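Asks: In case you want the letters, here they are:
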Amino acid sequence: MKITADTDSCVASGQCVLLAPGTFDQDEETGSVVLLTDEPAAGEEDAVRQAELTCPAAAIRLAGA
Amino acid sequence: MTTTEQTPRLPFSRGNALEIAPDYEALRREAPVSRVLTPAGDPAWLITSYEAAKEVFRDRRFGRSHPAPEQASRISYAAVQDGPSGDFESEEREHKRMRRMLAPAFSAPRMRALGDRIAELTDRCLDDLQAARDADPGAPVDLTDFLAFPLPVLVICELLGVPYEDREKFRGLSERIARMDGGEDAQAAMTEFKAYMTQLAEAKRADPQPDVISDMVAVQADDPTFTDDDLARMGAGLLFAGHETTSTRIAMGTLFLLTDTARRDRFAADPEGQVAQTVEEILRLTATSGTGLLRYAHEDVEIAGTRIARGDAVLISSDAANRDAAVFADPDEFDPDRTPNVHLAFGTGAHVCIGANLARTELRTVFPKLFERFPGLRLAVGLDEIAVRTNRVAGGVDRVPVEW
Ligand code: SF4
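Protein sequence lines, in the order shown, are assigned to chains Z and H.
Heads up: the first sequence begins at 1 in the working numbering, then just goes up one per residue.
Heads up: the second sequence begins at 1 in the working numbering, then just goes up one per residue.
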C-alpha cells in the first residue's frame, strides 16, 4: 500500500494525524500534512484506510492493496 | 407563495435528548433536498442525506456570504448562524487567511502538547464534582455545572489566552448571541462581546503570550487588511464555539453511556481501549441545533437532481446525514464497534471545523477519566426529565443530574 498526500488541497484539519500518528504528522508552522512514511506504519493499516475516508479535503490517496 | 401551509418549518421537535426528530427521515425518504421554512419563517433548502450533505460541504459554489445580503433568507434572530456573513467578493480569500492563521494553534503537535494540561484540568473538574457530592451526599450533582461546562471553557481560555475569571461574563454573552429569538439583544451582546475581545487584543499587543489571540495580533501587524473588527469577531467566534459545542458533547456522551447500564459497564471495563470509537459514535449521534449548518449558493447549482438557485439558503443537517441508513446500518443504534464511522459531525471540506482535533482530544480525555473515577455513575432522573434546548444555536441539554 503506497500513500500519497496532496499538501495543496490539505486543509490542516489533522484528522489523519489523530488516526494514524505513526504515519502522518502536521507541520508546526502551516498545519499542512507531513507524510512520515509512504507505507502505513506498523499496525496502522486500518487507521490509514480510515484516514483516506475521513480526510475532509480528500487529500490522502492509497494505491495498491 | 401559496403553499407555505405545507412547507415544514424548522426546528422540528424530537422525542428526547438522544433522538432526532422523525421528520428528517420522513423528508429524506422523499428526497435528499427538501424545501423548508427557517425558524425565522424564510424559505430554505434542507439537506438530509449523507451523500448530498457531503457534496454541498465540499462544493465551493456554496459559501457563508450572499451576493445580495439584504435579500437573503434569514435563519433566526440570533447573532450567529442567523444569516449571511462575510463579503461575497472576498470570502474565499478571507477564509484561507483565517485557516492559515489558526491552523498551527489547532494542529496535532499543539494538541499533543496540550494533552497533559487537559488531563490535569479534567482531574480538577472531577475533584469538584466529588466535592459537590460530599457537601450534600443525598442530592444528585449536575454534571454540566462541574464538568461539561467548565472543562471546555478552561481549555479554550488557555488556548486563546482569555482569563478564566471572566467566564461568567462571556458565558452570559455566548448565551445571548446564540438565542434564536434574541433579536436586538443578541446583536447588543455581539457588540459587547467584540468590545471585550478588542480590549483583550490591546493587552496582548502590549504583552504577547503564547496563545491564539496573540497570534492573531501578530498576523494583524503584518496584514492591516485584517481589521480590528475582523479580529474581534473571530476571537468572539472562537470563544463562543469552543464553549457550547464540546460542552454539549460531554453532556450528551454521558447521557448515551448512562441510559444503558450494559453499555456503561462495557465502557467502564476498558475505557482506554474503547474511547476512540466511543467518541466517534457520540459525535455521530449527538443531535445539535434544529437548523443545521448554513450556506448560500453562489451560483445556480444542481444537487441530487434539485436545482438550487444563486442566493438560495441551504441548511445542511449533519444530524440527519449522520443517521442516514444508506450509509450507517441501524443508524439510530449506539454502536461503538461501528467501522468505518465517517460521520459529518464536524462538517467536511474546506470549512471543516477547525476545532475538531481539540474537541476529540478533550472528549478522549474526559470519558476515560470520568468512568475510571466513577465506574458506577448513574443518571439521577429519567431521560424524559432532561429538557432539550430548542432555542439555542448549539442545542444541548439543560442539565445532567448524576449520582454514584
Ligand atoms: S486529514 Fe486531510 S486535510 Fe486534514 S491534515 Fe490530514 S491530509 Fe490535511
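A few of these clues could be false.
[Unchecked claim] Residues of chain Z placed beyond 10 Å of chain H at every Cβ, according to the derived structure:
no. : residue
1   : Met1
2   : Ala42
3   : Ala63
[Said to hold, decoys possible] Covered stretches of chain Z (chain H as the covering partner; in silico rule of three or more C-beta atoms under 8 Å from a C-beta of chain H):
no. : region
4   : 20-28
5   : 33-41
6   : 51-59
[To be verified] Derived EDC-like pairs (lysine to aspartate or glutamate); straight-line CA-CA distance at most 16 Å:
no. : chain 1 : residue 1 : chain 2 : residue 2
7   : H       : Lys369    : H       : Asp265
8   : Z       : Lys2      : Z       : Glu29
9   : H       : Lys96     : Z       : Glu29
10  : H       : Lys96     : Z       : Asp8
11  : H       : Lys96     : H       : Asp230
12  : H       : Lys204    : H       : Asp215
13  : H       : Lys194    : H       : Asp230
14  : H       : Lys54     : Z       : Asp46
15  : Z       : Lys2      : Z       : Glu39
No wet-lab data here; the hints were simulated from the structure.
The model shown is predicted, which means the values in this text are computed figures rather than measured ones.
The C-beta atom is built at its ideal place from N, Cα and C for all residues, glycine as well.
Asks: For each hint, tell me whether it holds in the structure or not.
Replies: Outcome of the hint check:
1. Met1: holds, 16 Å
2. Ala42: Z/Ala42 clear of chain H: closest Cβ-Cβ about 18 Å, beyond 10 Å.
3. Ala63: It holds; Z/Ala63 is separated from chain H by about 19 Å at its closest Cβ, greater than 10 Å.
4. 20-28: It holds: at least three residues are needed, and the region 20-28 of chain Z offers 5 whose Cβ sits within less than 8 Å of chain H.
5. 33-41: violated (count 0)
6. 51-59: Held - the region 51-59 of chain Z has 5 residues with a Cβ nearer than 8 Å to chain H, which meets the minimum of three.
7. H/Lys369 <-> H/Asp265: holds, 14 Å
8. Z/Lys2 <-> Z/Glu29: Roughly 26 Å between the alpha carbons, so the hint for Z/Lys2 and Z/Glu29 is violated.
9. H/Lys96 <-> Z/Glu29: Distance ~15 Å between H/Lys96 and Z/Glu29 Cα, so the pair holds.
10. H/Lys96 <-> Z/Asp8: holds, 12 Å
11. H/Lys96 <-> H/Asp230: Holds. H/Lys96 to H/Asp230 sits at ~14 Å (cutoff 16 Å).
12. H/Lys204 <-> H/Asp215: Distance of about 9 Å is within 16 Å: holds.
13. H/Lys194 <-> H/Asp230: holds, 9 Å
14. H/Lys54 <-> Z/Asp46: violated, 22 Å
15. Z/Lys2 <-> Z/Glu39: holds, 5 Å
In this structure, the hints that do not hold are numbers 5, 8 and 14, in rising order.
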